[in-house]
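Q: The residues making up each chain are set out below.
There are 2 protein chains.
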Amino acid sequence: MHKTISALAALSLSVSAPAVMAQSSDHADIALEKDTLAWDFVEGITTEVGPRQAGTEAEKRGRDWAVAWLKANGFANVADEPFEMETWVPGENPSAHILSPFPQPFVIAPLGGSASTGGMGITAEVAMFRTVAELQAAPAGSLNGKIAYISHSMTPTQDGSQYGFAGPARWVGASIAAEKGAIATVIKSVGTDYHRNPHAGGTKVVDDMIPAGALSLPDAANLERMFERADGRPITMKLVLTPRDLGTTTSGNVVGEIVGRDPSLPPVLLACHLDSWWNGTGAFDDGAGCGIVAAAARHASAAGQPLRTIRVLFAGAEETGLWGSKAYSAAHRDEPIGIGLESDFGADRIWQIQTNFGQSNPALAAKLAAAVARFGVAPSAQVATGGADIDISRDQKGAIIDLQQDGTRYFDLHHTPDDTLDKVDPVQLRQNVAVWTAVVQVLANEAGPILGTAGAAE
Amino acid sequence: MHKTISALAALSLSVSAPAVMAQSSDHADIALEKDTLAWDFVEGITTEVGPRQAGTEAEKRGRDWAVAWLKANGFANVADEPFEMETWVPGENPSAHILSPFPQPFVIAPLGGSASTGGMGITAEVAMFRTVAELQAAPAGSLNGKIAYISHSMTPTQDGSQYGFAGPARWVGASIAAEKGAIATVIKSVGTDYHRNPHAGGTKVVDDMIPAGALSLPDAANLERMFERADGRPITMKLVLTPRDLGTTTSGNVVGEIVGRDPSLPPVLLACHLDSWWNGTGAFDDGAGCGIVAAAARHASAAGQPLRTIRVLFAGAEETGLWGSKAYSAAHRDEPIGIGLESDFGADRIWQIQTNFGQSNPALAAKLAAAVARFGVAPSAQVATGGADIDISRDQKGAIIDLQQDGTRYFDLHHTPDDTLDKVDPVQLRQNVAVWTAVVQVLANEAGPILGTAGAAE
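Protein chains in written order, with numbering that gives the first Met the number 0: chain A, 0 to 457; chain B, 0 to 457.
Source of the hints: derived by calculation from the structure; they are not laboratory data.
A couple of the hints might just be wrong.
One copy or two, it doesn't matter: identical chains are merged, so the pair holds either way.
[As the list claims (entries may be wrong)] Keeping only pairs whose Cα atoms sit at most 25 Å apart, straight-line, the calculated SDA-like set for lysine to any residue is: (1) K237 with V88; (2) K396 with V258; (3) K70 with D230; (4) K70 with P100; (5) K59 with F226; (6) K237 with W64.
Work out the full structure, taking the sequences as your base and the hints as a guide.
A: In structure tokens form, the structure reads like this:
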């Protein structure tokens, strides 16, 4: 990329090349061509730690590993800031068997926060619902003693927008089914792949929680075919799900800094989360995100100490309720953040930049758009709202940027056993680091208030 | 396809169109456009039966289902011919955990015929070998008390030829490791996908059998990275594999016939196998194959009763030692078969036809090549040797045809939990049925000896 730009410049851009291109290109281009930091992070944490279920000893090992990695890579003020949380663990050997009319085993995973069937399991007739709306329309008491099965339709999309469409089956399906009398809920995994790997994920926790699990998509399709072939015979399932609540445990947020020249300026906050569901190794979700932001912080300061401090926040316990993000905001709400950004949508290429200061600080928004254009990133008029790990920026009503990644295959991997290092494409990972580096380089050297005249934080 | 051929014929082939094209096209073309029989078979058996581990009650349900299906679809002389076999079952909840230096769980499946670790499992240091040859070169006793890990390299190929290259890790790895003193063996799955679904499959059974399992490819890659990152520290694994031998049980071969006009002519035998490994639903391996041969038998006789009898053989217990194929040959060796063909390589398109009578009966070989050319199937000079389920044709030194399917993605699915109906592409499945129909139509109406002058069987 660097060579191509240079050649083009020699041909046609040599006189009028925008200053911003010369200013921001060097370290971002090095990141695009040669970065190994982000890869080292995600390879290291998936290999040396693996799954990092929120609130557990495995997550603690992840934090220890990340603290050591940040120190080894030149970050200052590295800390593991503890917080307390309510911890749910999935138990061992979940199973779902169709007992009649077509006996066979299915592959299932318990949903985060759901209840146990007990080790002996429960056996009941399955009632099928195509959508959450259909379930919602079922009369009260109509599911007494039954297992509710909820399907949905989900299509891969670049912007991940189908998650909002399909997600409610997982988010609220079990609580609605429980209201109707169901003794358990199984859903088609909220995902877009066809592998025998169910997608975990949290479900709404209510007072009378019932057991709830996600079937892999091939198993869900099989169950739906059974309804077509059963000629009205009841379909009976035995379900064994043994998650449990551990009560209050301690998790933590790992932070580190590239200290800026002017400590009076609010820092640039780059966030991700360090925990993962138990069933994968947290490569795409979100080891890659932590690798990207840490690598960008290093590359953006490679030319010299930045004006503002760059802080990375590897939030703890995102998956089971955004515990780390909330704890970080509660602990630091009175310390103004200049701007918050988060990487938590896999490791595929960034295609769009959104800000929440296009109106209030159009000059900076334009400067950022120019800095990332050559990496194939287009500006958007949509107002950035930030991700799960930057509650503090929303709570402070501060500046936010969303760097939108290609999510086309994200829901093939999201919350599954298949979230492993081999899914990370090193070329696309480097594009992420290059874009982040270009953006952070601009932000960390911005003297004026980032949110502009309407800024509340600065 | 039918319309395209017709249009071409009108333009340029109207006078000289080979007779064989007119003769064999109709029913094959109907199969290509409209066949639903093969799909109905594979959808039905995967939905209503599911996994069919050799020698078990689940396989018996599969046979009962297949007998009913053949009768419902107009086959005569349908029978379930019993035989006895030694039955191995995989046990429940296999697990592999790295205990140090990088604790995390791996996904593993026991290899067919391997021994149990006992429910408490075994814990030992892992010794890595890149190839079977490297393992073979290890000194006697050098693996005492250790777990041998065997890697290999496998590339997807259209003809599946890499199976012969990578397969020995599974076929003989455990027995060689045992000779060197190993107490267990884990291998990288013999497969080409990167999902957390280990590939099952048989391993050589020896007197002092040790526990043996296959890791999913992402887990195998992770283990290999651990060796790179361990700086010489030992890598310790806990392995729990609890397969067991059930002793002698009864399995069976399901047969059915389209009876020919001339019972004195040896039948055309179309084979597949009905059993599957326990972990998938046997869609690609080999429900689709049975659907293809049964559908072809029906379509090839749709124009009227064929000259020769067409017999389908749904062999039992192929996966754990070709028990059904051997039993069928032992029971029927004295009843000449005109020709044997087998479908057991998934459901993707056929690209090549091989025979073992290109020299002895070139006219028939040419006729067959002409009949399938329009479906994109090319003749090959390679001599067909047949598949696992037509031992009888080899034992009788009879005629054999191999219709080579595209195996590029076969080893993504082979022997894995991912072998489910959604992997079967209905368009490619129909191409298979069309090619088989064209071939069977020619063979079942062939009056002369199929193997030609050199024929031993007829």
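Q: Hints first: check each against the structure and report whether it holds.
A: Here's how the hints hold up against the structure:
1. In the homo-oligomer, the alpha carbons of K237 and V88 lie at most 25 Å apart both inside one protomer (21 Å) and across protomers (21 Å), since each shortest distance falls under that limit.
2. With identical chains, the CA atoms of K396 and V258 are at most 25 Å apart within one copy only, with a shortest distance of 24 Å there and 81 Å across copies.
3. Taking the shortest alpha-carbon separations for K70 and D230, only the inter-copy value of 20 Å comes in at or below 25 Å, while the best intra-copy value is 64 Å.
4. Proximity of K70 to P100 under the C-alpha cut-off of 25 Å is restricted to the inter-copy arrangement: shortest distance 21 Å between copies versus 59 Å within a copy.
5. In the homo-oligomer, the alpha carbons of K59 and F226 lie at most 25 Å apart only across protomers (23 Å), although the nearest pairing inside one protomer, at 45 Å, exceeds that limit.
6. Within a single copy, K237 and W64 get their C-alpha atoms only as close as 40 Å, which misses the 25 Å cut-off; across copies the closest is 23 Å, which meets it.
Hint violations for this structure: none, all hints satisfied.
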